[in-house]
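Engineer: Using the hints, position chain B against chain A.
Keeping their order, the protein sequence lines are chains A and B.
The first sequence begins at 5 in the numbering used here and counts up one residue at a time.
The second sequence begins at 5 in the numbering used here and counts up one residue at a time.
Note that these hints are calculated values from the structure, not bench results.
Hints are supplied without guarantee of correctness; some may be wrong.
Note that the list lumps identical chains together, so a pair holds whenever it fits in one copy or between two copies.
To be verified - Each computed DSSO-like pair below joins lysine-lysine, with the alpha-carbon atoms no more than 27 Å apart:
1. LYS68 to LYS163
2. LYS266 to LYS248
3. LYS248 to LYS174
4. LYS24 to LYS71
5. LYS56 to LYS68
2 protein chains.
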Amino acid sequence: MDRRPIGVFDSGIGGLTVVKEIMKILPEEDIVYFGDTARVPYGSKSRDTIIKFAFQDSRFLLSKNVKAIVVACNTASAMSLGELQESIEVPVIGVIKPGAHAAVRASKTGRIGIIGTEGTIGSRAYENAIKKLYPEAEIIGHPCPLFVPLVEEGWAGTKVSYLVAEEYLKPLKDVDIDTLVMGCTHYPLLTRVVGDVMGQDVTLINPAEETALELKEILMEKGLQNDPENNPSYRYYVSDNPDKFSRVGSNFLNRDISNIQKVDIEKY
Amino acid sequence: MDRRPIGVFDSGIGGLTVVKEIMKILPEEDIVYFGDTARVPYGSKSRDTIIKFAFQDSRFLLSKNVKAIVVACNTASAMSLGELQESIEVPVIGVIKPGAHAAVRASKTGRIGIIGTEGTIGSRAYENAIKKLYPEAEIIGHPCPLFVPLVEEGWAGTKVSYLVAEEYLKPLKDVDIDTLVMGCTHYPLLTRVVGDVMGQDVTLINPAEETALELKEILMEKGLQNDPENNPSYRYYVSDNPDKFSRVGSNFLNRDISNIQKVDIEKY
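In isolation and in its complexed conformation, chain A is listed as follows (with noise of 0.2 Å):
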């Protein structure tokens, strides 16, 4: 049994999905989140940068003396897990290896689509995670810049955002793809329009449930988990407007969020 909290960084409030699941599958865990509100989007900045970031979140996230570090942004998750993993003592995990299992167990024809920002797609990490698991399988990916902007909007189900979506998806609609990986943070709050302009055929998959789940087992593996009478506490931290995290994050998690505090992280 460890009664230290669970770490879970994000460039803003996206990761917010996966902190949603981690309550769900893990209850008596207690939480530390951080949101880069300060530098968000990392979805569109270079290997260098994003890698730097990771290790100031992460570093963050080990003061507040947290056994193990959720990497809920798939950017970084894409760009920096292998670097965090080899010189961070607790277990880290990231969103991409598990996106990466649930897509090839729910698709039968190997045509699997994944959806990102520049950095992820253009890193080739879903694809690389796929292929271990399933060399045969054909992988369409696609950037898709405009979706977190219009779900920050507050435009997710607008006819913008169907024009957007059919623009973004046709090259995946043409290959007859049978699962589609949302595999960036905010597309969960897309689901309804993408699953719209995909039509009933396609799985869409949400890696932020598997990477709970993923999270549950090395907990387990390792001896980990909360007690689990533990009644448990959610702390946040950002690195720009508390405020807006409030409100919009509520959103996200389907519940009100308090206790936020901003954070220097340029210092870490």
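Structural biologist: Relative to the frame of chain A, chain B by itself:
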């Protein structure tokens, strides 16, 4: 005469629309540009964070021995100009006051619209600057957060950009403005779309040109102009992704960009 360069900073690449005007109006001046591409965008972030970033950006430019600083970013101009001017020895010029002057000169009815980031519109900086010159003016501001990602995606002029513009500009059309300030450095690339949606009776104002004219006046007033025979040099610094800056920046500047270096801005 003063042979030192002009310093220009922006949250990223958009400030090149201001550089373009400075090159035209002050062709003998050397320019050092800094684009904060590691922390872009500024428009959705808080005043405290923008002030901190603007001071780091300015300290970097001062380390390059600039004789004046142009804050090309509307959000940074709106939120940090006063603070910068108070503590920096060289002249610091923003884009808000020049934009306000141009709007007041252009407007016949006094009904003036402003579009920009959440930060710029929320600050009411344009409104205050216009009211000082023209107290009876009626100002209506509207944030357009999706315009920047649309331009960066290269989607200016597409059906999506028209649909988004119609949505954002509706409240401005409803009140029958005759002048519209394009209060974000990316927006000049949407001039055609915004012009089509607003109609030809509305004059669009790009503060960049007026800012370059104000810079020229200040240099003359203080005897800081360069030798008219000087063959100008242009140097570019970014906090991330010099390659992308070079590629996308050429679009903004209509000329090839070389001489780009990466800077660790958090050290300044």
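Engineer: Each of the hints needs a verdict: does it hold here or not?
Structural biologist: How the hints compare with the structure:
no., hint, verdict
1, LYS68 to LYS163, "neither (43 Å within a copy, 48 Å between copies)"
2, LYS266 to LYS248, "within (12 Å within a copy, 31 Å between copies)"
3, LYS248 to LYS174, "between (34 Å within a copy, 25 Å between copies)"
4, LYS24 to LYS71, "within (19 Å within a copy, 52 Å between copies)"
5, LYS56 to LYS68, "both (19 Å within a copy, 25 Å between copies)"
Of the numbered hints stated above, the single one contradicted by the structure is hint 1.
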